[in-house]
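Chemist: Residue-level listing of the chains:
Protein chains: 2
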Amino acid sequence: MAANQSAPDATRRSERSRRAIYDAALALVAEVGYPKTTIEGIASRAGVGKQTIYRWWTSKADVLLEAFLDMAEQAAHAAGHVPHALPDTGDLAADLKYVLRATVDELRDPAFEAPSRALAAEGVVDEELGRRFVASLLEPQLQLYVDRLRSAQDTGEVRPDVDPRIALELFVSPLAQRWLQYTGPITYDYTDTLVDYALYGLTPRPPSPTPTPTDAGPASPARP
Amino acid sequence: MAANQSAPDATRRSERSRRAIYDAALALVAEVGYPKTTIEGIASRAGVGKQTIYRWWTSKADVLLEAFLDMAEQAAHAAGHVPHALPDTGDLAADLKYVLRATVDELRDPAFEAPSRALAAEGVVDEELGRRFVASLLEPQLQLYVDRLRSAQDTGEVRPDVDPRIALELFVSPLAQRWLQYTGPITYDYTDTLVDYALYGLTPRPPSPTPTPTDAGPASPARP
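Going down the list, the protein sequences come from chains A and B. Under full-length UniProt numbering, the very last position in the first sequence is 224; numbers go up by exactly one each time. Under full-length UniProt numbering, the very last position in the second sequence is 224; numbers go up by exactly one each time.
Since the hints were derived computationally from the structure, they do not count as laboratory data. Among these hints, one or two may not hold up.
Unchecked claim - The list that follows gives simulated cross-link-like pairs (lysine to any residue, SDA-like), each with its CA atoms no further than 20 Å apart:
hint, chain 1, residue 1, chain 2, residue 2
1, A, K36, B, G33
2, B, K36, A, G33
3, A, K36, B, V32
4, A, K36, B, E157
What the hints assert, rightly or not - For each label pair, taking beta carbons as the anchor points, the in silico distance ranges come out as:
hint, chain 1, residue 1, chain 2, residue 2, range
5, B, D9, A, D163, 45 to 51 Å
6, B, S14, A, G49, 30 to 36 Å
7, A, D62, B, Y188, 34 to 40 Å
8, B, S136, A, A85, 41 to 47 Å
9, A, D70, B, Q141, 37 to 43 Å
10, A, A76, B, Y188, 35 to 41 Å
11, B, S44, A, L144, 49 to 55 Å
12, B, L69, A, A111, 35 to 41 Å
13, A, Y188, B, S59, 36 to 42 Å
14, A, A135, B, E139, 47 to 53 Å
15, B, D109, A, D88, 38 to 44 Å
16, B, G47, A, R150, 58 to 64 Å
17, A, E139, B, R45, 38 to 44 Å
18, B, G47, A, V32, 29 to 35 Å
Stated by the list, open to error - Far from chain A, some chain B residues (derived; all Cβ distances over 10 Å):
hint, residue
19, E40
20, Q51
21, M71
22, P87
23, A94
24, D95
25, E106
26, R178
27, T203
Here a beta-carbon is modelled for each residue, glycine too, at the ideal position from N, C-alpha and C.
Next comes chain A alone, as it looks inside the complex (with noise of 0.2 Å):
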């Protein structure tokens, strides 16, 4: 009885404890750095003991990572989004749009940027943890606009010898580098265009009943 009355306490004492590392671990590294963030300093700001943090986790990486993705999942949760794929309206154009307008919102939200561009920083000059977020974090999300466009394949909109893999970086990787580098402003006419560049090229096009750009009308899809 005793047993079956610790384990609920427990488990909120863990999850309480989870929490906190998390947030001392986000707030350190923005702070000092990832060099200079240490278990030992994510223990002390979380009020826990630096043993807590090694029986989950075997390094600041691993806490690191998982922080990230948790504050990744509460973010898509908070707004509403589905985080593992992409609208699908059948309109490739407006639902491409969509995202990348709420990717601006996030790339603008302070608490997002500050642990977000400490770890990117890092991953430039440190391979190893490079590859690891973009793996652990960067990729899976990626992915998702990889099966977006396949399905536009299926459906005729993208070309079917396009490569998605590298198609999804013409509008993903702008959006990026002027976050990452400071090249522009991050506007919702930013990402419009960069999706009506990609989609339809900057060569002209042959007069058709295609649909282009500048006369296809309202961008946004209608949702509910």
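Since the structure of chain A is provided, determine the placement of chain B on it from the hints.
Modeler: Okay, now just chain B, sitting in the frame of chain A:
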């Protein structure tokens, strides 16, 4: 007469010191990162006094930015490029592929890679440095693409309503992101594909006399 003889010697000494300072700054930032690079450290490694550096520059950021500009100029001259213009053979796809292949070579050059990564990483978390880095080093290169795309608009190869400053990001930014974040391999095939996708678009084109990427034949321009 003594003054006449010493002047060329002083110039040679200055030039030698300047080069030693550039080399020391690039080597040091590659080894210890931007935050731990100091004027003292650069001076000591270059074998010059601190005052020599402060006579020419006011901060480590200034030294590094000039060292990078110098490295880029030297690399361009060594490769036989004209550093201030993109080729214009009248074949936009071929010219872009040629320049991006040269960029692939540059990104893979170890002399370029380590110091560039150190500065780029710091720019991700230090907005002021990031903006200076872009304004001094990156934006002038991007403007060469703007010029080339404008000339392609004049000849009708690019749609007149396209904004060249955004359009260039469709092929430049994917390469930049793969380099910065290890999101994929960097090859000639890859950059050639980016150019084809950007120019002709991901959606099918109606049949027309316009060549498409799949039937355009060998893409490399004939070069002397």
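Chemist: With reference to the structure, classify each hint as holding or not holding.
Modeler: Each hint tested on the structure:
The hinted pair formed by K36/A and G33/B meets the criterion: a straight-line CA distance of about 13 Å does not exceed 20 Å. Between the alpha carbons of K36/B and G33/A the distance comes to roughly 13 Å, so the proposed pair stays at or under 20 Å and holds. Simply put, K36/A and V32/B have alpha-carbon atoms about 14 Å apart, close enough for the 20 Å limit, and the pair holds. For a cut-off of 20 Å, the pair hint linking K36/A to E157/B is broken: about 51 Å separates their Cα positions.
For D9/B paired with D163/A, a C-beta distance near 60 Å fails the hint of 45 to 51 Å. One distance hint, 30 to 36 Å for the beta-carbon pair S14/B and G49/A, is violated here, with the actual separation near 59 Å. Taken as a hint, the range 34 to 40 Å holds for the pair D62/A and Y188/B, whose Cβ atoms sit roughly 37 Å apart. Between S136/B and A85/A the beta carbon distance is about 42 Å. The supplied range of 41 to 47 Å therefore holds.
A beta carbon spacing of about 39 Å between D70/A and Q141/B agrees with the range 37 to 43 Å that was offered as a hint. In this structure the supplied range 35 to 41 Å holds for A76/A paired with Y188/B, their Cβ-Cβ distance being about 37 Å. For S44/B and L144/A, the hinted distance range of 49 to 55 Å is satisfied, since their beta carbons lie about 51 Å from each other. With their beta carbons about 37 Å apart, L69/B and A111/A fall inside the hinted range of 35 to 41 Å.
About 37 Å separates the C-beta atoms of Y188/A and S59/B, a value consistent with the hinted range of 36 to 42 Å. Distance hint for A135/A and E139/B: a CB-CB separation of about 32 Å, inconsistent with the stated range 47 to 53 Å. At about 43 Å, the beta-carbon gap between D109/B and D88/A stays in the expected band of 38 to 44 Å. In this structure the hint that G47/B and R150/A lie 58 to 64 Å apart at CB holds, the actual value being about 59 Å.
Here the CB-CB span from E139/A to R45/B is close to 39 Å, well matched to the stated 38 to 44 Å. Between G47/B and V32/A the beta carbons are some 34 Å apart, a value that agrees with the proposed interval 29 to 35 Å. With 10 Å as the threshold on Cβ separation, the claim that E40/B sits away from chain A holds: the shortest Cβ distance comes to roughly 21 Å. Its beta-carbon lying about 31 Å from the closest one in chain A, Q51/B satisfies the requirement of being farther than 10 Å from that chain.
Residue-level check passed: M71/B sits 18 Å from the nearest beta carbon of chain A, beyond 10 Å. The beta carbon of P87/B sits about 18 Å from the closest Cβ of chain A, which is more than 10 Å, so the claim that it is off the interface holds. The non-interface label for A94/B is consistent with chain A: the shortest C-beta to C-beta separation is roughly 14 Å, beyond 10 Å. For D95/B, the shortest C-beta to C-beta distance to chain A comes to about 13 Å, beyond the 10 Å cut-off, and the non-interface label holds.
No beta-carbon of chain A comes within 10 Å of the beta-carbon of E106/B; the shortest separation is about 17 Å. A Cβ of chain A approaches the Cβ of R178/B within 10 Å, the least distance being about 8 Å, so the stated non-interface status is violated. At the 10 Å boundary, the C-beta of T203/B falls inside the reach of chain A, the nearest C-beta of that chain being 5 Å off.
Violated hints, listed in ascending order, are 4, 5, 6, 14, 26, 27; each of the other numbered hints is respected by the structure.
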